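**Q** Listed below, chain by chain, are the residues.
Protein chains: 2
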Amino acid sequence: MRVVRTVEQLREAALFMRGAGQGPVGLVPTMGYLHDGHASLLRRAGEICGTVVMSIFVNPIQFGPNEDYEAYPRDERRDLELAEREGADIVFIPAVEEMYPREIRSKIVVSSLTTRLCGASRPGHFDGVTTVVAKLFNMVQPDYAFFGLKDAQQVAVLRQMVDDLNMNVKIVPCPIVREADGLALSSRNVYLSAEERQQALVLSRSLREAHSAVEEGRVATTDEVRELLKSVISSSPLADIDYAEILTFPQLEPLEGNFPLVEAEGEIIMALAVRFGRTRLIDNLIFTPKEVAALV
Amino acid sequence: MRVVRTVEQLREAALFMRGAGQGPVGLVPTMGYLHDGHASLLRRAGEICGTVVMSIFVNPIQFGPNEDYEAYPRDERRDLELAEREGADIVFIPAVEEMYPREIRSKIVVSSLTTRLCGASRPGHFDGVTTVVAKLFNMVQPDYAFFGLKDAQQVAVLRQMVDDLNMNVKIVPCPIVREADGLALSSRNVYLSAEERQQALVLSRSLREAHSAVEEGRVATTDEVRELLKSVISSSPLADIDYAEILTFPQLEPLEGNFPLVEAEGEIIMALAVRFGRTRLIDNLIFTPKEVAALV
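If you're matching them up, the sequences are chains G and B in order.
Heads up: the first sequence begins at 8 in the numbering used here, then just goes up one per residue.
Heads up: the second sequence begins at 8 in the numbering used here, then just goes up one per residue.
One or more hints might be untrue.
Pairs count within a copy or across copies, as identical chains cannot be separated in the list.
Said to hold, decoys possible - Below, a list of computed lysine-lysine pairs in the DSBU-like style, where the Cα atoms sit at most 35 Å apart:
1. Lys114 <-> Lys157
2. Lys114 <-> Lys177
3. Lys297 <-> Lys177
Worth flagging that the hints you see were computed from the coordinates, not collected in a lab.
Remember, predicted model here, so these are calculated numbers, not experimental data.
Could you put the whole structure together from the sequences, leaning on the hints where they help?
**A** What follows is the structure, given as C-alpha cells:
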C-alpha cells in the first residue's frame, strides 16, 4: 500500500497502477476515522477493481459555520492500518492547502435533490460534497467510486452530477453497515455518551417498525408512516428530530400525505436525522412498496 | 474527417484516435457559424495536437430568456467545409436532446470572476458556459482546449474552473482575429446592418486609441482611460454602451478610479460591450502597463 499526500504523487501513483494493466481503478472517498462501513466499501471495491484508491480528507467546504469541522474525529495511524488490512493500494491523505491551495471559486451545484433532508438542514453542504468529489474524480480518474447508502441523499446527488456532467465514472452504492444492536455505523457515533448511544437505537428501530407496519398493512399512507416514525423516535427523551421523511428514491420527491405507499412506482426512502445532545445522526431505509404489495 | 452526432459515437471516435497513438487530443468548442477566428483555433490546435476535435453546439443554457438563442445563426454545411479545410479530425454536432436528455440539475458555478462585465449583463450565462464545457471535457477528455480571447472573460472563468476542480486539460487562449478594418470577428456580426457594421468600428478604434494614449502618457488613471473609451464609442450615434471597463487580467478585479495604470502589476484588460440596435458586440485589449512604462 502506498500513502501519498500531494495531488502530483496521487496522479503519478494512479497513472502507474493504470499503466500496469491491473484492470479498473476504484475510488473510495472518505473523511477518515474509518469503521466497518468504510471497510465494506474497500472490500466491494476490491471485488470489482484491480486498483483501489482510498482518500481520507475532512473536507472543510462541506461543513457549515456552526458544524463540527474542527471537532470531527481524526486518527491517521488507525485509518492506515484498516486501509492496509482491507486491501487499499493507494491512500491519499492531503492537507487542506493541497486540496485548496487558494480560495476555491468554482462549485458544482446540484439543484432540486439538495433542497430536502440534509440539504435543508445543512445549506451548502452538498455543494461542498459534489465539488470535492469532482476534484477527487479528476485527480484519480477512477472507473468506479464507492459510497455508503447511509448517506443515501449523497448517493442520489452524486449520481445526478455524474449523469448531468457526463463524468466517466460509475457510482456504486453500498449497503448500510450496522452494529449488532442496529445502530448504523458512523464516525460521529464516537461523540455519543453511553446514555445517548443507547437511546440512539430508536433510529434503526423506528425504521424497522415502520417497514414492518407497511409490510403487514397496518399503516398505508405517507402521513401514517411519518407519524409512526416520529412516535417511535419520541419514545427516546433525548431524541430531537431534525427530519423524518418519506420520499421517492433516488429522485427525492415528496409524496402526498394521503398517498398509499403501496401504489408508489419504484423505490421509497424513509430518511431520518435526529440530534442527541450536540450529535446529529442520520439513518434510512430504502424499499420497494410494490414488492411488499406483491407479497401480501 | 468524421462527423458524429451522439455522445457515444464521440467517445468511441476520441478513444480510437487516442488509441492510435497520434499524440495529444485537442478540443475546439464552438457554437458554429464558423469564421476565421474559429479557423485560427483549429490551426493552433493542429500545431499542438495529433487529433483535433471540434464541437458545434448552440448551447441553450448559456442564453438568457430574452437573448438570441433562437435567432443565433446556423449553417452546418458551410461549417463542415471550414472544419474539413482547417484540419479537424472529428466534428461533434449534437442535438439539444443529446446534450440534455433530461432537465439538467447540475451546474458548475464560478463566483467572483463572473460578477463583472458580461456576467453582470447576462446573469447565468457563465454557469451555462462552464457546465457545457465541463460536459464536453468529460466526453472528449482532451489534453488541450482552445478558446478565442475575444471572449477574454470566458477564458479567465474556464481557467479558474480547470484549476479549482483539478481538470486534466490545459486551456490555450488564442489571439482575437479581426477584419482588415479592425472589427473583431464574431458570428453575431451577421446581424449588423451596413450602417451598424460601419459604426461598430468604434469598438476596436477606441481600444487602439486608449492603448496609444496610455503608451504615450496622455492618459494615466483608470478613470481617464474609461472616459477616453466612452468618448470614442459615443462618437457613433448608434452605439449604446453596455460596459467599458478596465480590470486586472485574468483576476478581473477593478482598479481604483485614480489608480495610475503604469503601476499595475501584471496584465490589464480594457473590455467593451456595446449594442448596435439589437446586436450586442464585445471586444477587448489585454496589455501589460509595466512594459509600456519600460518603453517610455
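**Q** The structure should be examined with respect to each hint, and the outcome stated for every one.
**A** Each hint, compared with the structure:
| no. | hint | result |
| --- | --- | --- |
| 1 | Lys114 <-> Lys157 | both (24 Å within a copy, 25 Å between copies) |
| 2 | Lys114 <-> Lys177 | both (21 Å within a copy, 19 Å between copies) |
| 3 | Lys297 <-> Lys177 | within (27 Å within a copy, 50 Å between copies) |
Hint check: no violations occur; every hint is consistent with the structure.
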